[in-house]
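Given chain Y, work out where chain Z should sit, using these hints.
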Amino acid sequence: MFEELKQLMASKYQLDPATITPDATLKGLGLDSLDVVELAMTAEKEWGPRVTDDELNEAQRLDAIVKLLESRNARV
Amino acid sequence: MPGMPGDTAHAVVAGLGSWLPSRSVSNDELAGYLDTSDEWIRSRTGIAARRWVDQGTTTGDLAVEAGRLALRAASEDTVDAVVLATTTPDRRCPATAPDVAARLGMTGTPAFDVSAVCAGFLYGLATASGLIAAGTAQRVLLIGAETYSTILNPGDRTTRAIFGDAAGAVLLRAGSADEPGAIGPCVLGSDGGNRDLITIPAGGAEQRSAGTDAPPEDFYFQMRGGDVYRHAVTRMIESAEEALSRTGWAADEVDRLVPHQANSRISTAVAERMGIEPNRQVTNIEHVGNTASASIPVLLAETAADGRLKPGHRVLIVGFGGGLAWGATTLTWPDVPALRGEG
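Those protein sequence lines, which keep their order, are chains Y and Z. Numbering-wise (the numbering used here), the first sequence opens with residue 720 and increments by one. Numbering-wise (the numbering used here), the second sequence opens with residue -15 and increments by one.
Each hint should be verified, as a subset may be incorrect.
Example chain Z residues on the side facing chain Y (calculated, C-beta under 8 Å, incomplete) [what the hints assert, rightly or not]:
no., residue
1, G209
2, R214
3, V217
4, G232
5, R249
6, A253
If you're looking for bench data, these hints aren't it; they were derived computationally from the structure. Idealized CB from N, CA, C, for every residue including glycine.
With the rest of the complex left out, here is chain Y:
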C-alpha cells in the first residue's frame, strides 16, 4: 500500500520519490489544504475507501495514512 501511495503522490504533486518516506508528513512534503482534499478524493477513486481531508490531516505521517486506508479496506 505504501508503494502505491508513494507513486501516486510523486506523480500527482511532482515530488522527488526519495522524499516520500513512511515518516514523511503531508506538511513536510509541502502539501497545502487543497492538495490534501485532492489526495482524499484520489485515494477514494483509486482504492475505494472514503477518507476525509480532516482524517488525512490528523494522520499526517504517511505510515499512519497507509494504516488508515488499510483499516478502511483499501483495494490495491
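For chain Z alone, kept in the frame of chain Y given last:
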C-alpha cells in the same frame, strides 16, 4: 419558425454586457491588514486581484450598467422580462430586479431575482429559457450581479481573498434549437443537506424566529473551503457530463470549457478529470476573483470580446455554489457583440 403552433421556441444568445467596479484590490493590499500574502492567495486560488465597489455602489447599480450594455449589444431598447441572479440583493425585500428594470426604462416589465448563489447564472439561464419556451417572453434580459464585498467578514482572510464584485448580462431572444447561440439542455441540481458549507447563517427567518442573538460573524458570508472543493469538483463534473451527454458531444469535442470562476484549482481539477486540455479552458479569475453569479457572464463577455471565444466554438458552461446548487449547459457560440465597461 419559432412561435408557430407546435414549435417550441429556444432561448438564443443575442448580446452580452459586463460591468466591473473600477477599484482593483491587490493581494498585497489585503496582506496589509490580514494574515495572508500574495503567494498564499495565488497558490491556493489563482487570484491576483479582485474588484470591489466604492462605498454607496450597490448590486443594482452594477446590474443596470451590465444590463444596459447587453441591451445595446443586442440592439434592443426593451425586453419582455428581466431576471437577476444574485446572492447580494440591495434589500432583503423586495427583489432587486424590478428596480433594475425600472432604471433601464422598463417599468411594467416582469422582473424578479433568482437566488442560487454561485450557480445563479445557470439557474437564471434555465428560468429564462423556460419563459421563452412557454411563450411568456420573446426576449429576456438575464443579469448576474454581485457585491460580495458587502457581505464578507472583514477579518476572514479566506473569503476576503476570493470574492469580488461584478455584473454580467446576456440578452436572450426566442429562436430555433439549431441556430448558433441556442441554449442547450440545462442540467440543474441541489443538495440542501450541505447548506452549511456556504452560508450566511444569521439575519434570515431561522435565526429571527429562534428569538436569539447570533454572533457577529454569523451575519457574514462563511465557507468551508475543503468540503466545498470536494463537492464542487464532483458535482461540476457530474452535471457537465450530463449536459454533454444530452447534447450528444464528447468531452474532446468541447472547444471552450467556461467554468464558474470559483477557484482556479477547482476549474483545473474539473478539466483534468474530464479530459479537457488546459488550452480549451477559459479563465479570468486572476484579475477579477470569484464573482459568484456574475462570474460566468463576465467571463463570457470578456472572452468573446478578446477572441478567446469565437463564433462556432462548442461551449460547455458549468457552475456550482451554495445551496448546494449546481448546473451545466452547452451552446455553439454565436456571432454577437459583447460590450464591456467599468466605473
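So, going through the hints one by one against the coordinates:
1. G209: holds (7 Å)
2. R214: holds (6 Å)
3. V217: Holds, about 7 Å.
4. G232: violated (27 Å)
5. R249: With a closest approach of 5 Å, the Z/R249 hint holds.
6. A253: Holds: closest Cβ of chain Y sits about 7 Å from Z/A253, inside 8 Å.
The structure fails hint 4 only (numbered hints given earlier).
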